[in-house]
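As a plain string of letters, each chain reads:
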Amino acid sequence: MNWFTLSMPPKDISTNGHLIDGLWNYTTALCIFYFVLVCIGLFGFSFLYSRKRNKTPYYTYGNKKQHIIATAVVGAAVFLTIDLNITRFASNDLLNTFWKYPDPKTEKVLRVEVLAQQWMWSFRYAGEDGIFATDDDVVTNNDLRVPVGTKVLFHLTSKDVIHSFFVPSVRMKVDTIPGRVTRIWWDANIPGTYDIACAEMCGNPHYLMKAQLTVYTEENFQKWMKTSQLMAKNTNDPENKNLAWGWKWEI
Amino acid sequence: MSGGYNEIHPEPTTFWSKYIISFDHKVIAKQFLWYGIFFLGLGGLMALLIRWTLAYPGVPVPVIGSILFPNSAGVVPPDTYAMLFTMHGTIMIFYAITPILIGAFGNYCIPLMIGARDMAFPMLNMLSFWFAFLSGAVLLASFGLPLGAAAGGWTSYPTLSTLVGQPGLGQTLWSLAIFLFGVSSTMGAVNYVTTVITLRAPGMGYFDMPLTIWGLWLTAILNAIFVPVLCAGVILLMLDRVFGTTFFLAGASATSGSGDPVLFQHVFWIFGHPEVYILILPAWGIVSDLLSFFSRKPAFGAKATALSMTAVTILSTLVYGHHMFTTQMSPLLTQSFMTLTMTISIPSAIFFANWLGTIWKGSIRFDSPMLFSLGVVFVFGLGGLTGLHLGTVTTDLYLHDTYFVVGHFHYTMAASVLLGGFAGIYFWFPKMFGRMMNELMAKIHFWGTMIGLNGVFFGMLMVGYGGMHRRIYNPFIYESLQRLIPINTFITTSAIVMGAFQIIFVINFLYSLKKGPKAPNNPWDVGTLEWTIPSPPVHHNYDVIPVVKCGPHEFGNPNLTTGRDFQYQTEDLVKA
Amino acid sequence: MVLISGTMLFATLLMGYAVYRTSAPTWPPAGTLPVKLVFPLLSTVSILLSSFFMHKVRTEFEDLKKAKLNLDTTLVLGFLFMGLQTLFWSELRNSGLLVGSGIFSSILYGFTWIHAAHVVMGLLSLLWLRFVLKVETRNLDVKVLNVEKFWHFLGIIWSIMFLTLFIL
Numbered sequence: 163m164n165w166f167t168l169s170m171p172p173k174d175i176s177t178n179g180h181l182i183d184g185l186w187n188y189t190t191a192l193c194i195f196y197f198v199l200v201c202i203g204l205f206g207f208s209f210l211y212s213r214k215r216n217k218t219p220y221y222t223y224g225n226k227k228q229h230i231i232a233t234a235v236v237g238a239a240v241f242l243t244i245d246l247n248i249t250r251f252a253s254n255d256l257l258n259t260f261w262k263y264p265d266p267k268t269e270k271v272l273r274v275e276v277l278a279q280q281w282m283w284s285f286r287y288a289g290e291d292g293i294f295a296t297d298d299d300v301v302t303n304n305d306l307r308v309p310v311g312t313k314v315l316f317h318l319t320s321k322d323v324i325h326s327f328f329v330p331s332v333r334m335k336v337d338t339i340p341g342r343v344t345r346i347w348w349d350a351n352i353p354g355t356y357d358i359a360c361a362e363m364c365g366n367p368h369y370l371m372k373a374q375l376t377v378y379t380e381e382n383f384q385k386w387m388k389t390s391q392l393m394a395k396n397t398n399d400p401e402n403k404n405l406a407w408g409w410k411w412e413i
Numbered sequence: 352m353s354g355g356y357n358e359i360h361p362e363p364t365t366f367w368s369k370y371i372i373s374f375d376h377k378v379i380a381k382q383f384l385w386y387g388i389f390f391l392g393l394g395g396l397m398a399l400l401i402r403w404t405l406a407y408p409g410v411p412v413p414v415i416g417s418i419l420f421p422n423s424a425g426v427v428p429p430d431t432y433a434m435l436f437t438m439h440g441t442i443m444i445f446y447a448i449t450p451i452l453i454g455a456f457g458n459y460c461i462p463l464m465i466g467a468r469d470m471a472f473p474m475l476n477m478l479s480f481w482f483a484f485l486s487g488a489v490l491l492a493s494f495g496l497p498l499g500a501a502a503g504g505w506t507s508y509p510t511l512s513t514l515v516g517q518p519g520l521g522q523t524l525w526s527l528a529i530f531l532f533g534v535s536s537t538m539g540a541v542n543y544v545t546t547v548i549t550l551r552a553p554g555m556g557y558f559d560m561p562l563t564i565w566g567l568w569l570t571a572i573l574n575a576i577f578v579p580v581l582c583a584g585v586i587l588l589m590l591d592r593v594f595g596t597t598f599f600l601a602g603a604s605a606t607s608g609s610g611d612p613v614l615f616q617h618v619f620w621i622f623g624h625p626e627v628y629i630l631i632l633p634a635w636g637i638v639s640d641l642l643s644f645f646s647r648k649p650a651f652g653a654k655a656t657a658l659s660m661t662a663v664t665i666l667s668t669l670v671y672g673h674h675m676f677t678t679q680m681s682p683l684l685t686q687s688f689m690t691l692t693m694t695i696s697i698p699s700a701i702f703f704a705n706w707l708g709t710i711w712k713g714s715i716r717f718d719s720p721m722l723f724s725l726g727v728v729f730v731f732g733l734g735g736l737t738g739l740h741l742g743t744v745t746t747d748l749y750l751h752d753t754y755f756v757v758g759h760f761h762y763t764m765a766a767s768v769l770l771g772g773f774a775g776i777y778f779w780f781p782k783m784f785g786r787m788m789n790e791l792m793a794k795i796h797f798w799g800t801m802i803g804l805n806g807v808f809f810g811m812l813m814v815g816y817g818g819m820h821r822r823i824y825n826p827f828i829y830e831s832l833q834r835l836i837p838i839n840t841f842i843t844t845s846a847i848v849m850g851a852f853q854i855i856f857v858i859n860f861l862y863s864l865k866k867g868p869k870a871p872n873n874p875w876d877v878g879t880l881e882w883t884i885p886s887p888p889v890h891h892n893y894d895v896i897p898v899v900k901c902g903p904h905e906f907g908n909p910n911l912t913t914g915r916d917f918q919y920q921t922e923d924l925v926k927a
Numbered sequence: 006m007v008l009i010s011g012t013m014l015f016a017t018l019l020m021g022y023a024v025y026r027t028s029a030p031t032w033p034p035a036g037t038l039p040v041k042l043v044f045p046l047l048s049t050v051s052i053l054l055s056s057f058f059m060h061k062v063r064t065e066f067e068d069l070k071k072a073k074l075n076l077d078t079t080l081v082l083g084f085l086f087m088g089l090q091t092l093f094w095s096e097l098r099n100s101g102l103l104v105g106s107g108i109f110s111s112i113l114y115g116f117t118w119i120h121a122a123h124v125v126m127g128l129l130s131l132l133w134l135r136f137v138l139k140v141e142t143r144n145l146d147v148k149v150l151n152v153e154k155f156w157h158f159l160g161i162i163w164s165i166m167f168l169t170l171f172i173l
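Sequence order for the protein chains is A, B and C. The numbering used here numbers the first residue of the first sequence as 163 and each following residue consecutively. The numbering used here numbers the first residue of the second sequence as 352 and each following residue consecutively. The numbering used here numbers the first residue of the third sequence as 6 and each following residue consecutively.
If we strip away everything but chain A, and leave its shape as in the complex, we get (with noise of 0.2 angstroms):
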């Protein structure tokens, strides 16, 4: 494999990855053509214009009718194509897309409480009774495990420091701020196992706090939540302070 390929970022498993995905390379293939430009300018001077090629210079402070022409011909080219272009489509994709949470009384979401504290994710599943913090939630640790093509959308907290829950597979990283909640939503549509990371430095074993996303087939989610949901109720002991950390969420 060459490099080009092993920098290319890990496969995009979401629905909306791709927006992003291609706004990175609408803005790349921008920055290549005017970076190919400066070098043609940068190199191409250099070497028609040195020393020995050219002994008198031209003697101009740019401030003829054209040259003032030339200079605002850039400007405007830049202004019409970047600025206009992909704040455009930026501001499109985030407030129709990402920032646009999904309704869980209208549509089929899956909500998840996620605590992240120094060096370790938990994750919150309201239990049988559709409830969060009562007894019976299903809590994992550094574990998340969510059903192929449906919508989850995540309600983050911290407990100590600022901390950072990124999904390089769909993309998105949200930070986790103590004191407040941050909301985050994707879809993952390609079963397998993707790595979660904390992408906001938080102490020296920052680079420990790595948790596994799954991603189900929705049989195997709904078997797996069954277990679960059992073995919570089962097990679930009001007493452990370290499961009592959920908040009620206000549809």
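By construction, these hints were calculated from the structure, which means they are not laboratory data. As the structure is a prediction and not an experimental result, all values here were calculated from the model. Every residue gets a Cβ at the ideal spot worked out from N, C-alpha and C, and that includes glycine. One thing to keep in mind: the hints can contain errors.
Claimed, not checked - With a straight-line cut-off of 30 angstroms between C-alpha atoms, the simulated DSS-like cross-links for lysine-lysine are:
# : chain 1 : residue 1 : chain 2 : residue 2
1 : B       : K712      : A       : K227
2 : B       : K926      : A       : K226
3 : A       : K227      : B       : K926
4 : A       : K226      : B       : K900
5 : A       : K217      : B       : K900
6 : A       : K227      : B       : K654
Unchecked claim - Simulated restraints, written as ranges between beta carbons of each label pair:
#  : chain 1 : residue 1 : chain 2 : residue 2 : range
7  : B       : G392      : C       : F136      : 42 to 50 angstroms
8  : B       : P497      : C       : T91       : 29 to 37 angstroms
9  : C       : T91       : B       : G495      : 52 to 60 angstroms
10 : A       : I202      : B       : F594      : 35 to 43 angstroms
Said to hold, decoys possible - Just some of the chain B residues that point at chain A, by a computed CB distance under 10 angstroms:
#  : residue
11 : S699
12 : G732
13 : G810
14 : G818
15 : L832
16 : P871
Take the given structure of chain A and dock chains B and C to it, following the hints.
Showing chains B and C alone in chain A's frame:
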């Protein structure tokens, strides 16, 4: 106001008043230069240790490993690693780049290039250096603490930087050092602003100032306004740490009442984004001048360049929020910050147009300062353009806090500023020390640095896009990142190569200082004011305050009859 | 020259503090707590009065004796302000509002501390001016003007703090 202050001071006679607490801007500039180069070396060494760890996790560092880390058999331990990258960032930004670009060149060039005998407030200038010195001493002292120096990243986000995450005294000393540094910077900045406004030589309008002065002046304005914000931030952080206030504590760690950790990010980045431009503006100014000087033709659209710099200065104060997209500010705020950020691309595009316009149809002399300036155009092109990916909210959701960010800001802040700084050193060395530097060594140094740094920073962009996030001790515990091992090894090799070529610079610098050929008054055939006086200048710079009659970039005028291809700023402009 | 550059230091602080104040409104609204207003009110009166006398120092600058008297009054009022601040803190502590008990007390203590540190510096510069009045005449007007500005600035900041922290 200028007349009264622009007097000739008697020359100091004792060693103490001449070299240590000197009020002379030239001596202070040299003090800052040595200070900056020392910290640059230190920070660079740290960078190499960091790179070594990333490429060969768990492998002992060769040669110096066993001395530095005896407890872990020469391997960099995780806590030291966190300390290293924190201190690398802090040292490079506050203690290496700022002293060299702003402290050294600011102090040296401003009075000389505007035809003044000294700064407006020489004592403030002296205090500024010694505050910086004190600050550096405090920072270095924190390495000797039992729990080590600060290790919360150079951004020191709470709550990690409060007692919750950093129980040691290191972070407190870090805050103190940054506060002292802020005091020093603000003093310097106020001084620069006042000097430029009041002490310009008669006849010198703002657009007759060299672009270097424009850059330094705008930098000083930004410094004077925004460094105090940082000071306020670190004072509050110190209060949190030492007196138990709860400005930034929240959640379970805030046992009584709660503040807001995001507040610090706001305060920090209100300062932090202008800081980026504080660092880059002097480099832009130097490059804009040098390109014209060595192309032997007037700077293309000099006025537009100066105004674009001003535009960037103003814009830079309005865009800080793009560092915080992942903290989920309101969508309206997010969109506004993104749009404003993108707007910066317009003045930047005008820079590039003007830079290329300057060398277009020139008669280019490829001396080492010119090579470094052309290098800046190249690396800043890459650095600036990759900023687009990060200023865009959606791509930033993926790229935020990955190595892509690291690569981007190293291209803009480290590579561009470093090359700009080297260009400046090679250019003004003859004036500063009265001797020429070795040109061949300078050129070797340029090519080595250029190849090395592109290897390092482009590699960082690549691994960042590959999904490797920042500040991790061992990326390869993630299976999906193991494929990036060869690129990381390549980055480290490039970094070592780049580091090795800096030795040539140090040798050249020290050798030329003692043994270099004597410099003539005007080795580069340049017309700005500092080249009209002897190298090195006498204590009071100008026997007679010069009168300025034309702009700084008068080259290649076909009607010149003096036998030179340039005009001094003190000469009447020959009609073309 | 030494002294002139010294005054610039205060201009720097002035600017810093101004920016600090503008960044301050980003604070989350503090919880309401009944704080006794006696001492802050007295502090306000004393610092404003001192500002008034400081102003007189400059306007009646020609008469050195009067200037000295006015400066002395300013100084006394300044020290009175510090004394009242200390009383205020001890009262707060006695009423159980400690530094670490929440964001409101953090702001209360933090801001008043920072302000007090500036007042100490202001007092030092006043003392310095008092000393200078005796011995030096060169550039005296500039020095008086700068110290005066700084002292007014402290008064203004305190008034703003008094309004935002205690009244609103």
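Here is how each hint holds up against the structure:
no., hint, in the structure
1, B:K712 - A:K227, "holds (17 angstroms)"
2, B:K926 - A:K226, "holds (16 angstroms)"
3, A:K227 - B:K926, "holds (19 angstroms)"
4, A:K226 - B:K900, "holds (22 angstroms)"
5, A:K217 - B:K900, "holds (27 angstroms)"
6, A:K227 - B:K654, "holds (14 angstroms)"
7, B:G392 - C:F136: 42 to 50 angstroms, "holds (45 angstroms)"
8, B:P497 - C:T91: 29 to 37 angstroms, "holds (35 angstroms)"
9, C:T91 - B:G495: 52 to 60 angstroms, "violated (36 angstroms)"
10, A:I202 - B:F594: 35 to 43 angstroms, "violated (59 angstroms)"
11, S699, "holds (8 angstroms)"
12, G732, "holds (4 angstroms)"
13, G810, "holds (9 angstroms)"
14, G818, "holds (4 angstroms)"
15, L832, "holds (8 angstroms)"
16, P871, "violated (19 angstroms)"
Consistency with the previously given hints fails for numbers 9, 10, 16, ordered from lowest to highest.
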